[in-house]
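Enquirer: Respectively, the protein sequence lines represent chains A and B.
Read in order, the letters of the first sequence are residues 1 to 487 in my numbering.
Read in order, the letters of the second sequence are residues 1001 to 1122 in my numbering.
These are computed hints drawn from the structure, not numbers from a lab.
Warning: the hint list may mix true and false statements.
Cut-off 25 angstroms, straight-line C-alpha distance, at most; resulting in silico cross-link-like pairs (SDA-like, lysine to any residue) [claimed, not checked]:
| id | chain 1 | residue 1 | chain 2 | residue 2 |
| --- | --- | --- | --- | --- |
| 1 | A | Lys251 | B | Gly1092 |
| 2 | A | Lys35 | B | Lys1019 |
| 3 | A | Lys420 | A | Glu325 |
| 4 | A | Lys138 | B | Leu1013 |
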Amino acid sequence: MKAQQLKIALRNCGVIDPENIQDYIAREGYLALGKCLAGGSREAVVETVKKSGLRGRGGGGFSTGMKWEFAAKPQSDRKFVVCNADEGDPGAFMDRAVLEGDPHSVLEAMAICGYAIGAEDGYIYIRAEYPLAIKRLKTAIAQAEEAGLLGSNIMNTGFNFKIYLKYGAGAFVCGEETALIKSMEGHRGEPVSKPPFPATKGYRGKPTNVNNVETFANVAAIINKGADWFASIGTEKSKGTKVFALAGKVKNVGLVEVPMGTTLRELIYDIGGGILDDKEFQAVQTGGPSGGCLTVKHLDTPIDYESLVASGSMMGSGGMIVMDEDDCMVAVAQFYLEFTVEESCGKCVPCREGNKALYNILHKITHGSGTMADIDRLKELSVVIKSTSLCGLGQTSPNPVLSTINNFYDDYVQHVVDKKCRAKRCRALLEYLVIEENCIGCGACKRACPADAILGEPKKKHFIDQEKCIKCGACYQKCKFNAIAID
Amino acid sequence: MEKVTNVEQLKALQSALSKEAEQAASKKVIIRIAMATCSIASGAKPVLDFFTEEMPRQPLEFIIKSTGCTGLCHSEPTVEVTLPGKAPVMFGKVDVKKANEIVNDYIKGGKQIEGILEVSRS
Ligand SMILES: Cc1cc2nc3c(=O)[nH]c(=O)nc-3n(C[C@H](O)[C@H](O)[C@H](O)COP(=O)(O)O)c2cc1C
Ligand code: SF4
Ligand code: SF4
Ligand code: SF4
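With the rest of the complex left out, here is chain B:
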């Protein structure tokens, strides 16, 4: 990243980046895969690999993010999918099979599928 040389520049950068993120969210599918120690221990790596291989084959714009802990240890690996303009949906205990279902049925097919977790947001 380019060096930030003064505080005003940082503010400008922040608003540009947050706008960029907002715009991306309005047209791209955002997939967040928790990659904390606990998630990796319960099998998040192959799930991340699946999404990074599978999504480019889809006729969709998307962003895949590996994040930290979502706090949902009881349901790791977790994957949060935000379809453009929709509320985020959190899937728990995701394995490659489930990930396949998420891509084909939920993201592409627009169907409701099982495994959605209730999360309290703030």
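Next comes chain A alone, as it looks inside the complex:
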């Protein structure tokens, strides 16, 4: 049987009108909040979330119930609930979809969290590049306040909870919770070392609970249907479902939600429809810039926090990029490092300088001047960066490098020893050649060549001077006689 999607976090996306609170209420909206306020003690709410086995969907996978418990414990005049909607992984848009399609599910869960930990203020830290999500959130907050489901004395239960928006400027590192809090306070978005954790000392020095959008989107369903229901879905240690933004060389690019424990193969072939143009699957990248590239031998890995880590990648927030035979894994590693170098906040040396060094070595390799010693150096440096960086960004940034070296070692060797790129992606390693039997000497390639690298008399075999060739590919495009080969 084909694997199926199961929608919990996305239960209302595409079904309700997100700008109409009545649509949300019709589908049991705010009933979970009502249930908590009317019946459940704060402790009981925390206990339910704990028992459900829900773990953070923002990357770390920490038990949500335990996190709430930590934030509930300290006595404090003020506490805060923060929703992390910074979503910075390249290509990921799970959180945007939830906020645009079902904003009330996040608002309701934040209020439930506020009740559970004893907070009256919630903040959504959202990147300013999400204007539609911001608009719908604002509408939703206004509607919920008007309906008495947010604000002061909610449903006359004496519980107050207000939600505010804070805008991020789109720095990846600001998704890291301590940097996010710094940014909310108006400081530079730089991480600080933990402990203290936000649960004890967070926003404005007060106990703060930070959860991801998708984490929150599961909460009301758990309260309504019960912890046991949620815990019955998924695997032993990873409960519920996970939303993925499926992208790359897969037929059905899009947003999917599957039970934990679904295998990568089921996700890519049953739900994703297989590889585009029926090409050969080569790798799948999970976990974004902090994750790794998995290969054919990992296709039957069940998607859960532990299995993905064991196979050398991680769950991350839900980016999933499928690669086919035409992708060069060394170039992929270089792409992610380029992102990391750009996004490193620069506070600590291993991340700021180390990632730059990794990038430079990868650049050398993809440009034909790498050596075997460089591959060892990549590994050595990666280990140092991982173990000495201050925050999660640096602690995980070498993962794409390490996983591609582990799983595609031959590709690295081919780049440095043979100076060739199997996928023909690394331009500097390509060689454009005239296939003599096919060339009729029409001269089209010669006229197109911007580097004057093609020699040959009209109606005679042409010839490419490799010294001059800048590998632009114009000759290949122009030749109508299949007489140019790329090697």
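Got chain A; can you put chain B with the ligands on it based on the hints?
Expert: For chain B with the ligands alone, coordinates are given in the frame of chain A:
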């Protein structure tokens, strides 16, 4: 919306609203148009405009809803049509021309038309 003043009232409101939605579904055509960032970028706005202009001219009871992302990025803009008492049907890559076909051939004419997507539901 009126203020909800206690939890019991919320429960009553919920069951009234869900009943209302059920009843509507039993006699009205429900058209859901995905209006997420990705849908709008691929051209959902003119499709929504077409339905909101065209449907009132039809002798049919209907509801048009703009929703969020359906997850079917590969086929945006998407439009889901539920005829009274029937299972929902999802159309992909809908433009104004296709929307016209949906109204005239599928909704009014009751004919099967091309462009239906297979969606896994839960
Ligand atoms: C570099 C970096 C970027 C991060 N970006 C995000 C993000 O965009 N969204 C998010 O929810 N969590 C992000 N996180 C994880 C947060 O630090 C934090 O663990 C998370 O918001 C906690 O919520 P959860 O327990 O519900 O997952 C990031 C972490 C790091 C190290
Ligand atoms: S690891 Fe990188 S992003 Fe994190 S604090 Fe250090 S320099 Fe900044
Ligand atoms: S365009 Fe092709 S056929 Fe013409 S001269 Fe160049 S290689 Fe030969
Ligand atoms: S690849 Fe570009 S530079 Fe090289 S021979 Fe062909 S046209 Fe000239």
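Enquirer: None of the hints should be skipped; say for each whether it holds.
Expert: Here is how each hint holds up against the structure:
| no. | hint | result |
| --- | --- | --- |
| 1 | A:Lys251 to B:Gly1092 | holds (14 angstroms) |
| 2 | A:Lys35 to B:Lys1019 | holds (21 angstroms) |
| 3 | A:Lys420 to A:Glu325 | holds (15 angstroms) |
| 4 | A:Lys138 to B:Leu1013 | holds (23 angstroms) |
Violated hints: none; the structure is consistent with every hint.
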